[in-house]
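Student: If you read the sequences in order, they're chains V and E. Going by the numbering used here, the letters in the first sequence line up with residues 1 to 360, in that order. Going by the numbering used here, the letters in the second sequence line up with residues 1 to 224, in that order.
There could be a bad hint or two in this list.
[What the hints assert, rightly or not] Which stretches of chain E does chain V cover? Using the computed rule of at least three CB atoms under 8 Å from a CB of chain V, they are: (1) 114 to 124; (2) 128 to 142.
[What the hints assert, rightly or not] Estimated spans, in silico, between C-beta atoms of each pair: (3) N131/E <-> E274/V: 42 to 52 Å; (4) L132/E <-> V70/V: 19 to 29 Å; (5) A73/E <-> P90/V: 15 to 25 Å; (6) G136/V <-> S50/E: 17 to 27 Å; (7) L132/E <-> S2/V: 48 to 58 Å; (8) V70/V <-> A206/E: 54 to 64 Å; (9) A206/E <-> R116/V: 25 to 35 Å.
Note that these hints are calculated values from the structure, not bench results. It should be emphasised that the depicted structure is a prediction, and the values quoted were computed from it without experimental measurement. Where is the CB? At the ideal position from N, CA and C, for every residue including glycine.
Take a look at the letters that make up each chain.
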Amino acid sequence: MSLLLRHIRLSLGGFSLEMDAEFHGRITAVFGPSGAGKTSLLDLVAGLRRAQSAFIQLGDQVLTDTVQGVSVATRHRGIGYVPQDLALFPHLSVRENLRYGCKSGGATSPLFGFERILEILEIQPLLPRGVTELSGGEKQRVALARALLASPRLLLLDEPLSSLDLNLRRRILPYLARIRDEFHLPMLYVTHDRFETLALADEMVVLIDGRVAQTGTVQEVFSRPANLAVAGLFTVETVQPGRIVKTADDLVTVAVGSALLTAVEGNLPANTREVYVCIRAEDVILLKGGDSPSSARNHLAATVRSVTREGPFLRVEVSCGFTLTVLLTRQAGEELALETGDRVVALVKAPQIHLIPRSA
Amino acid sequence: MTAQEWQIVWFTAWVAALSSLAILPVGLPAAWLLARRDWPGKSLVETLISLPLVLPPVATGLILLKLFGRRGAIGGFLHDRLDLDVVFTWRGVLLALSVMSLPLLVRSARVAFEEVDPRLEQIARTLGAGNLRVFCTITLPLASRGIVGGMILAFARALGEFGATIMVAGNIPGKTSTLSLAIYQNVQLGQDAHAFRLLGVSVALAFMAVWGSELLLRKARRKP
Chain V
1 MSLLLRHIRL SLGGFSLEMD AEFHGRITAV FGPSGAGKTS LLDLVAGLRR AQSAFIQLGD
61 QVLTDTVQGV SVATRHRGIG YVPQDLALFP HLSVRENLRY GCKSGGATSP LFGFERILEI
121 LEIQPLLPRG VTELSGGEKQ RVALARALLA SPRLLLLDEP LSSLDLNLRR RILPYLARIR
181 DEFHLPMLYV THDRFETLAL ADEMVVLIDG RVAQTGTVQE VFSRPANLAV AGLFTVETVQ
241 PGRIVKTADD LVTVAVGSAL LTAVEGNLPA NTREVYVCIR AEDVILLKGG DSPSSARNHL
301 AATVRSVTRE GPFLRVEVSC GFTLTVLLTR QAGEELALET GDRVVALVKA PQIHLIPRSA
Chain E
1 MTAQEWQIVW FTAWVAALSS LAILPVGLPA AWLLARRDWP GKSLVETLIS LPLVLPPVAT
61 GLILLKLFGR RGAIGGFLHD RLDLDVVFTW RGVLLALSVM SLPLLVRSAR VAFEEVDPRL
121 EQIARTLGAG NLRVFCTITL PLASRGIVGG MILAFARALG EFGATIMVAG NIPGKTSTLS
181 LAIYQNVQLG QDAHAFRLLG VSVALAFMAV WGSELLLRKA RRKP
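The following block holds chain V by itself, in its conformation from the complex (with noise of 0.2 Å):
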């Protein structure tokens, strides 16, 4: 199903959120710093708010039309919504919540069963307990079970992770992919994580001051950032596609480019294939005048691209099989005279390999 935003002008205050874009896309990553506009972005969408100018299509319908003064009400729109704050009704028990949104109170949603929710984000045993005695991850999969039960033809989350600690996040986020995977339904997931972007979106777009800075798959943006506003916006530099080949003694052989990497196997999920190979710029070291031996399990022969200077920094292109991006101090680069075209050989430890499940 396809979202179509055109001519989207909305003024709050000092504020405001001027954008076109279409998304075709399975989950769309609405990438952003806060204050950029994507929860405003979330509400025009649901019907929560009025623009002064906005033209907004889901499918075939046309929820919002300034010109042709078209809004179909919220209630009608079909569009789920979890709110940052969640906004669970705290005078209902769980399972209040989870009917408030099912078509005439009935025990099936016509698209998506009751039980099948419940199920996949494990939700039974806290149906009799109060919306305030449920911890941050429960409250977190209430809040997305009860959006999914009003059977919406898009669901909006907004930075559905923000709150939970690191630990709880990586609990949550198999269950937005097994919803992604098990419904086919299209989702809109604000985000400033870079991480959960990679997991779970196809398609993104970067919002900086209320305006479009870049739209694409998530791989295009993230390796090829469109200006330094949205490469400032990423702190990981290297972003490539890989395969797992091998794994043994947890450490995994990951094929990237013409390149074989040994990362350390971490929080995959059993029998992950596809994955996104991240590495930081910093986290990289460059030998020149042939290898030696080292404690870094990754030596890779690499051919210099470019050299660039950045403050205190160069940043340094090399290839070896993919494109890996290295952060030197100017002086170690200086010392080490490094020009496009070099041999080197770039170093990089097992554990600073990042691996993100992808979907292939």
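Here the structure of chain V is known, so what remains is to put chain E in place on it, guided by the hints.
Tutor: Only chain E this time, still in chain V's reference frame:
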């Protein structure tokens, strides 16, 4: 206690309770509109509703008397078209108590509505609920403590109302005489024993109202 005294007690409690229910259909929508919407004339309506709080009750009573008397704008209409008399009947008492206690309900309910997170109402809409359902299932239950508190205040105010009642309804024994009016009259006539008995009942009624509301609120708090 004489039969006449009992009649006064029952009449007062009954009409005070009725007035705190009667103001709900006006008070709740007004409180909601004041809390949630901006509209032209909002501050004027706000002031009008609160006026009985600051105006001398007798003055409010006089205004009502003029409006609802047989020759008044509203009273005339009611008398001619519906054959309904308000002034110097129990309806007059009800009217006086309602107008005097309305601002207390509206103020409490307004604060209660303002404290309901609008995000909850918005999310209820995304789950397919219309305005009425959102109001009845989300807004009202979450504001219920403030509303009940407002009703209790209104009831207490109505129990003790004097000035407006005596202007609109007079003090007709067996018809419009309330506790406050009867206590005053008994003291005037030097019947102190009667006055003290009614005083005792007043204290008991007020005590039960406040105590009951505390119990009610505590119960509501315990429910998740």
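Student: Mind listing which of the numbered hints don't hold for this structure, in increasing order?
Tutor: 5, 6, 7 and 9
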